[in-house]
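Visitor: Please build the complex by placing chain F on the supplied structure of chain V, with the hints as guidance.
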Amino acid sequence: MAVAEKEKRTFRIDIYENLCKGCSICVDYCPTNVLAMDGNLVIVKDLDACNGCQLCDNRCPDFAIQVFEE
Amino acid sequence: MSTPTEELKPLAKKKKKVPFNYEPYIRGGKLPHIWCPGCGHGIVLKSLLRAIHTTGMSKDDIAMVSGIGCSSRTPGYVDFNTLHTLHGRALAYATGLKLAKPKLKIIVTTGDGDALAIGGNHFIHACRRNMDMTILVYNNAIYGMTSGQSSPTTPQGMISTTGRYGSIEPPFDTCQLAQAAGATFVARGTAYHFQELEKIIYEAILHKGTSVVDIIDACPTYYGRFNKYKTPSEMMEKIEKEGTVSVKQAEKLTPEELQGKFLRGIIHRSERPEYCEEYNKLVATVQAKK
Numbered sequence: 001m002a003v004a005e006k007e008k009r010t011f012r013i014d015i016y017e018n019l020c021k022g023c024s025i026c027v028d029y030c031p032t033n034v035l036a037m038d039g040n041l042v043i044v045k046d047l048d049a050c051n052g053c054q055l056c057d058n059r060c061p062d063f064a065i066q067v068f069e070e
Numbered sequence: 001m002s003t004p005t006e007e008l009k010p011l012a013k014k015k016k017k018v019p020f021n022y023e024p025y026i027r028g029g030k031l032p033h034i035w036c037p038g039c040g041h042g043i044v045l046k047s048l049l050r051a052i053h054t055t056g057m058s059k060d061d062i063a064m065v066s067g068i069g070c071s072s073r074t075p076g077y078v079d080f081n082t083l084h085t086l087h088g089r090a091l092a093y094a095t096g097l098k099l100a101k102p103k104l105k106i107i108v109t110t111g112d113g114d115a116l117a118i119g120g121n122h123f124i125h126a127c128r129r130n131m132d133m134t135i136l137v138y139n140n141a142i143y144g145m146t147s148g149q150s151s152p153t154t155p156q157g158m159i160s161t162t163g164r165y166g167s168i169e170p171p172f173d174t175c176q177l178a179q180a181a182g183a184t185f186v187a188r189g190t191a192y193h194f195q196e197l198e199k200i201i202y203e204a205i206l207h208k209g210t211s212v213v214d215i216i217d218a219c220p221t222y223y224g225r226f227n228k229y230k231t232p233s234e235m236m237e238k239i240e241k242e243g244t245v246s247v248k249q250a251e252k253l254t255p256e257e258l259q260g261k262f263l264r265g266i267i268h269r270s271e272r273p274e275y276c277e278e279y280n281k282l283v284a285t286v287q288a289k290k
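Each protein sequence line maps, in turn, to chains V and F.
For the first sequence, my numbering assigns the number 1 to the initial residue and increments by one for each residue that follows.
For the second sequence, my numbering assigns the number 1 to the initial residue and increments by one for each residue that follows.
Excised from the complex, chain V in its bound form (with noise of 0.2 Å):
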């Protein structure tokens, strides 16, 4: 069956380190596994695995994390 090719959808996400608490709810919930912790921080591991469902946001208490799509 041929479908129709799907858009890239491309995403940024900012992680606002002076309110990030490291308390890891966004890694650990993540359903692509994009985030990582790097000690007490969360970075950024793996961008391209982004879909863009904003449970990181939602699930952040510290209003720490956005996505945005580009």
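By construction, these hints were calculated from the structure, which means they are not laboratory data.
Do not take every clue at face value.
Claimed, not checked - Dumping the calculated DSS-like pairs for lysine-lysine here, alpha-carbon to alpha-carbon at most 30 Å:
1. V/45 / F/16
2. F/261 / F/230
3. V/8 / F/241
4. F/241 / V/45
Guide: What follows is chain F alone, placed relative to chain V:
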């Protein structure tokens, strides 16, 4: 299914996803908040702000009242009319505020200890009067601010500072208590189910009369450490996801399966005369007699 004769149409361009902008609702320079890493209160606050945004109310029409405790720090961060009051007395202040300014939408953010222990009396009488206000009970089953003493909602057998070998007191069920006391909207949400919580808070704000929402969230610093939960995510998974059942799911389950689980969703909704309206009616009839 597409047939071979059908031509493939280019996919319609979807709207770009934009994250919710919390900035208009947060007081400038107040973040980061004082809550510990992994505390569920932040997630609840975000759901609350999204729910308020959906109602489309003006920031000036909302007043947030709180007592003392971790949860009661909430009004400090939000840009509404706010009132930070005495321990357990948030509902007393809220009642006074509503009587003085009946047009304000009152949202009370309070903790389990603040609402059910220190302010237990105010809580049942606020429910009884059915004054139009929304009471959000941030229920983390412990006194977090004062280093983790047992609260009225600490489950039996769980460890706290004042229950080193496990709490032996049976806990309160906030929803049953509120319903029995006469609240006309009773619901329960969790920080894990943030979308459901947002909808519940939205309904609670729009409801006319006392609405009580029991919100189960996690205190990783004390409750988590005492009871051997390794991470905040594990707490959310075990307490909020596995420890609760939605009202719909619960209909299919036997009482044995429901043992030890909390119901989630809108548990009770009824109509009763609202206090301020009744008060205005009384004033009108008394004045007409003179």
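Visitor: Find the hints from earlier in the document that the structure breaks and name them by number, from lowest to highest.
Guide: The structure conflicts with hint 3 only, although it agrees with all the remaining ones.
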